[in-house]
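2 protein chains.
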Amino acid sequence: MQSFSALAADFASYFDRKHFPKEPQTLYAPNDYFLSLGGKRIRPILCLMGNELFTDIHPSAWEVATAIEMFHNFTLIHDDIMDKAPLRRGLPTVHEKFGQNTALLAGDVMLIKAYECLSKVPSSILLPIFSLFNKIATEVCEGQQLDMDFEQRTNVVLDDYLLMIEKKTSVLLAASLVMGAIVGGSGERNQQLLYQFGRKLGLAFQVQDDYLDAFGDPQKFGKQVGGDILADKKTFLLIHALETADKADVAILQSWLGKQGDNKVNDVLSVYRKCGIDHWALSLKNKFLDEALADLDQIAVVSARKKPLIELAEYLIKRDV
Amino acid sequence: MQSFSALAADFASYFDRKHFPKEPQTLYAPNDYFLSLGGKRIRPILCLMGNELFTDIHPSAWEVATAIEMFHNFTLIHDDIMDKAPLRRGLPTVHEKFGQNTALLAGDVMLIKAYECLSKVPSSILLPIFSLFNKIATEVCEGQQLDMDFEQRTNVVLDDYLLMIEKKTSVLLAASLVMGAIVGGSGERNQQLLYQFGRKLGLAFQVQDDYLDAFGDPQKFGKQVGGDILADKKTFLLIHALETADKADVAILQSWLGKQGDNKVNDVLSVYRKCGIDHWALSLKNKFLDEALADLDQIAVVSARKKPLIELAEYLIKRDV
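As they're listed, the protein sequences go chains A and B.
According to this note's numbering, numbering within the first sequence proceeds without interruption in unit steps and concludes at 323.
According to this note's numbering, numbering within the second sequence proceeds without interruption in unit steps and concludes at 323.
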């Protein structure tokens with residue numbers, strides 16, 4: 003069994019090649035460009051780890067991993083159009099650099115490429131992988147739509163937000179593990195447990211991300227603290243605060259929504275602290291992490307095979323921050 | 003063997019149902035709306051005809067036909083965004099009615115739905131159908147990109163245009179027939195011939211479309227005659243005229259490109275007629291039609307099975323207009 007970082011290095015060198023034809027260059031240069039921007043490649047590595055949880059990595063796992071990474075990049079290209087994002091990893095997004103129409107089409111062709119990679123899987127396992135891929139691909143689109151809807155809505159409750167995050171982020175992480183597990187010959191019960199492990203890890207990660215944006219150490223976090231507050235983003239923290247704070251504090255939070263001002267971040271953080279949102283978020287994150295690890299624990303393989311996934315979970319999700 | 007119109011009626015009633023879940027309604031109402039706009043459903047019917055060329059229609063052919071129609075609708079939703087088209091079949095396009103972001107995502111989810119329909123095909127024939135689908139889906143995107151590129155280019159030659167039309171239109175018609183043929187148990191040689199039949203029929207149809215836009219009877223054609231000329235569209239006619247007309251006539255054509263004026267259509271049509279572009283287009287169309295029928299003729303099945311396809315070809319492509 004290999005660690006995440008060992009597999010990351012292997013995947014990086016496997017993936018580092020031309021994936022698209024030369025012509026029409028106006029269509030494929032944008033795709034090559036976008037893949038060259040890099041990324042953490044977490045999802046394909048989860049696929050390889052899902053395979054290795056059960057048996058040595060089968061050559062097909064690399065194809066599935068590539069399909070997953072292509073799919074993820076398709077979502078990024080199209081999300082960037084929808085978000086009108088000028089930059090991705092510090093460089094111009096595809097629509098900024100090549101125009102919106104080409105970005106739209108480059109995303110389309112990236113999605114079809116994902117399916118092309120998938121079609122290289124042996125017939126014996128093609129159908130379950132193909133079906134799962136279609137299911138979560140649909141859910142990721144639904145998650146993106148819900149996310150856009152929430153920007154317009156004022157009545158988003160915690161269950162809505164959980165569903166959105168689950169679809170937009172968690173299901174792809176979960177399915178990446180499971181598609182690898184299918185290649186590795188896993189039975190259905192183990193696949194279900196692994197899916198839940200990935201899903202809850204994704205939720206824990208999102209709670210942590212929301213928490214760090216408000217309470218993180220800016221030095222360690224590497225982002226502007228309070229960015230979500232300034233952008234009026236409906237995070238775990240804001241939604242829970244609006245649901246649990248007393249009338250006066252809810253009024254403070256609502257008075258800042260859609261407005262800017264020097265005290266905005268401090269005012270909102272004071273309410274969050276007063277209502278114990280910080281402790282609530284930490285315990286929610288740990289609850290998801292514990293549940294994820296409990297699901298992993300139940301998977302019927304020798305413990306040694308689970309070690310890299312436990313290490314990864316504890317590396318991604320810190321208990322005390 | 004059933005005629006195109008009999009199969010059209012069957013497919014219309016098969017396809018007339020809810021294909022998408024209810025929620026999120028913000029995502030799926032646009033898809034339901036777009037499918038409700040209707041369409042000729044030529045491609046799925048070609049798929050059924052491709053099956054029936056070899057044997058009775060297998061239940062899977064309906065799934066593949068649905069996948070093809072979903073794919074075609076995906077391309078229309080995204081093409082409408084790229085073309086900034088306000089109307090489709092006389093009603094607002096998806097981006098006009100629901101906003102561009104939702105149209106983008108509705109197209110994405112329509113493409114994934116196409117693959118979901120495909121995944122219902124029996125394992126024994128899934129791989130060849132899946133692979134062909136991926137190949138032509140990619141080519142359709144390439145064709146759309148070439149079409150957009152040509153709008154910016156002044157040096158488009160006939161071979162460029164043929165390649166663009168082939169990718170953007172013909173390969174999906176050809177592959178629709180062949181996917182049906184695969185369901186029907188056709189051998190490879192017959193598949194290749196049927197693919198060429200569909201491809202050349204597509205080319206003949208496009209030549210006819212370009213011809214009718216310039217020389218058609220407005221009463222019969224149902225569109226404004228000269229629309230392509232007014233829009234400076236690089237059609238078979240314009241490209242061939244620019245390649246073959248004498249210097250003075252080329253100058254007339256070029257003087258009108260990018261400009262509008264009362265005499266534009268008449269001036270361009272005079273040049274076309276003077277250079278015999280009308281006769282050239284008719285004979286090019288008939289050449290493609292003859293080649294298509296010759297390919298069909300070579301397919302190793304009893305002639306009676308070919309009758310509906312011959313009738314369809316001669317219905318779609320009129321020899322004398």
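Everything labelled a hint here was simulated from the structure, so no lab data went into it.
None of these values were measured; they are calculated from a predicted model.
Treat the hints with caution; some may be incorrect.
In this list, chains with the same sequence are indistinguishable; a pair is considered to hold if it fits within one copy or across any two.
Said to hold, decoys possible - In silico lysine to aspartate or glutamate, EDC-like type, Cα no more than 20 Å apart, as pairs:
1. Lys137 - Glu65
2. Lys137 - Glu25
3. Lys235 - Asp269
4. Lys99 - Asp322
5. Lys86 - Glu65
6. Lys235 - Asp251
7. Lys276 - Asp58
8. Lys309 - Asp58
9. Lys222 - Asp322
10. Lys308 - Glu168
11. Lys99 - Asp151
12. Lys24 - Asp149
13. Lys24 - Glu141
14. Lys276 - Asp251
15. Lys261 - Asp58
16. Lys320 - Asp149
17. Lys261 - Glu153
18. Lys86 - Glu98
19. Lys137 - Asp322
20. Lys122 - Asp58
21. Lys42 - Glu141
To test your reading of the hints: which numbers does this structure violate? 4, 5, 7, 10, 15, 16, 19 and 21
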